[in-house]
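> Chain order of the listed sequences is Z and G.
Counted the way the numbering used here counts, the first sequence spans residues 1 to 347.
Counted the way the numbering used here counts, the second sequence spans residues 1 to 347.
Just so you know, the hints here were simulated from the structure itself, not pulled from any lab data.
All figures in this text were calculated on a predicted structure; none of them were measured in a lab.
Some clues are possibly wrong.
It does not matter which identical chain is meant; a pair holds if it fits inside one copy or across any two.
As a list, the in silico BS3-like pairs of lysine-lysine whose alpha-carbon atoms are at most 27 Å apart [what the hints assert, rightly or not]: (1) 74 with 204; (2) 281 with 248; (3) 328 with 117.
2 protein chains.
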Amino acid sequence: MGAPVTIALDAMGGDHGPSVVIPAAAIALVRHPDLHFLLVGDAARIEPVLAAHPALAAKSTVIHTDVAVAMDAKPSQALRKGRWRSSMWLALEAVRDARAEAAVSAGNTGALMAMAKFCLKTIQGIDRPAIAAIWPTVDAECIVLDVGANVGAEARQLVEFALMGAAMARALFGLERPSVGLLNIGVEEIKGLDQIREAAAVLKDAPLPMRYHGFVEGDDVGQGVVDVVVTDGYTGNVALKTAEGTAKQIGQYLRAAMGRSLLARLGAVLAQGAFRALRDKLDPRQLNGGIFLGLNGIVVKSHGGTDATGFASAIDLAYDMASSGVVKRLASDVAGFHAKLELEGAA
Amino acid sequence: MGAPVTIALDAMGGDHGPSVVIPAAAIALVRHPDLHFLLVGDAARIEPVLAAHPALAAKSTVIHTDVAVAMDAKPSQALRKGRWRSSMWLALEAVRDARAEAAVSAGNTGALMAMAKFCLKTIQGIDRPAIAAIWPTVDAECIVLDVGANVGAEARQLVEFALMGAAMARALFGLERPSVGLLNIGVEEIKGLDQIREAAAVLKDAPLPMRYHGFVEGDDVGQGVVDVVVTDGYTGNVALKTAEGTAKQIGQYLRAAMGRSLLARLGAVLAQGAFRALRDKLDPRQLNGGIFLGLNGIVVKSHGGTDATGFASAIDLAYDMASSGVVKRLASDVAGFHAKLELEGAA
């Protein structure tokens, strides 16, 4: 166990607020006893829930505010109106002021991204932040980005996403030279968009501790063909939702098939341990959390509708990211990359 | 049973050529006894396989050519070099000359699309053809397009895709007013691309026998939220491959989980009927075939690596499309739509 890690939680974000966030923090604390929390939100709603978790209370500081960003607020509205006093902003501010190593919120994604950019600023040399998701693969996990921070992406952004994803893979998976693939389509006629080809040309010779694999297709992601899959936010978001939807759909098929005959129901009872293992593997709560990359600080966005188990996964992710020093690593990678590019440009 | 339906098969396309195409035709003939076939390819390779299927031989005409389009040929090459005598071209030509109602090929997608555009031309009023896929949903099936004919799509193309998809849903699913959704992402901050918003504005008031549902997200597709999902070819291709990959991945998890303990293995034996039903449901061969929409004729592209079961599904699809008169229906829809738009423009 290293130095204690402090995480600021937006206790008012998401569909359930403190009733999910506080129990989630209690779960995460059991797994990581070196955690400390800043619980930001309405003290009158936080305190009663916290009272039921004395071990957590001992490791937590409540920062009171009665302003919460509405789940349906437009990002521009959220930025204008009462921003400075909202639980979301105060959690980010704690990261900015180094009172916390990371912020976690289940609030409005757009507002959180807008505020995070404003509060933490992007790392020097990074044009736009991205949202990264951890994607289960057959053997392990991979990182997919961008899954929704931007629509469209030019070659330069795709290269930056590759840098960010590789830094995250090194930090989170402990890989020295993670493999990186560009999501593309295999139809011979067209071979993808211009910006993807341009990004490929840059990445092929990128002076970085990563291995550029080449193009990957949608069915390669879950097979774990690469450690990092790079795409634009629109495509990445569609792919992520499609995979989640397909997993849900197959679960529905499976339940229907297993209920169809007496023999199948009996078989399902005998195999229930195996089904439980499968369910855990497919449980979206296990990998809950989109990581905002490219900012001067760690911000994890939890699904708004998740429960305590899911929000605890988002805290775990913030903990792992904070412990791994990924922000510093990324900043130095980006600086090194740009220095090298400038040298090459000058040569 | 209506009038006989003749389908031209590119017997040389795909990884296996006649050894898959001919047995597939035999399977399809059992299901649709009113089928006739034009088998286009090397007679010396077709005849021996056909000899083993006398019922098929009685319903087939062999059109000999020894030119085949290579699976890795560039579309431009394929169009230039020996095009006129290739099995792919001759199958399309049979559709153009009304000797066949549809063509099916497991050959090179890019070459097939390039040749199909050149040979059959697009329907008047349609800018670009699209490739549609049939996607299994929880209760039934839906149509997703484009899944790879074009990268990127402007609002006008998206609207055309909606027209084409709706015509196909009416023809194939027998729905009078199929519901149509535009694939988008739900991140509040950005709400998708400009062209999707523009297409939505047009479709909302489209004078067509369809119900415009609004935006759908990746996880809505498999839930059957709409009958037709419209997106650009890049995103559609990624989504389709991602769903296929996720289904494969879950199959791998399931097999691993079921082999883990003796009890689970016993359960799996008892539930094998249910597992078989699930496997059939997830078998990509059952829904094999991309339909080229927007051309003056029906062309179905089978997966190159499929077996006879899969290629037979592609023939089934061509049969259903041919029997439904979808091309005429689409042409009249498009004409009506443009006439209405012009009236509105003039008003």
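> Within a copy, between copies, both or neither: where do residue 281 and residue 248 come within 27 Å Cα-Cα?
both (12 Å within a copy, 14 Å between copies)
> Using 27 Å as the alpha-carbon threshold, which applies to residue 328 and residue 117: within, between, both, or neither?
Intra 17 Å, inter 53 Å, cutoff 27 Å: intra-copy only.
> At most 27 Å between CA atoms: does that hold for residue 74 and residue 204 within a copy, between copies, both, or neither?
between (39 Å within a copy, 24 Å between copies)
Of the numbered hints stated above, none is contradicted by the structure.
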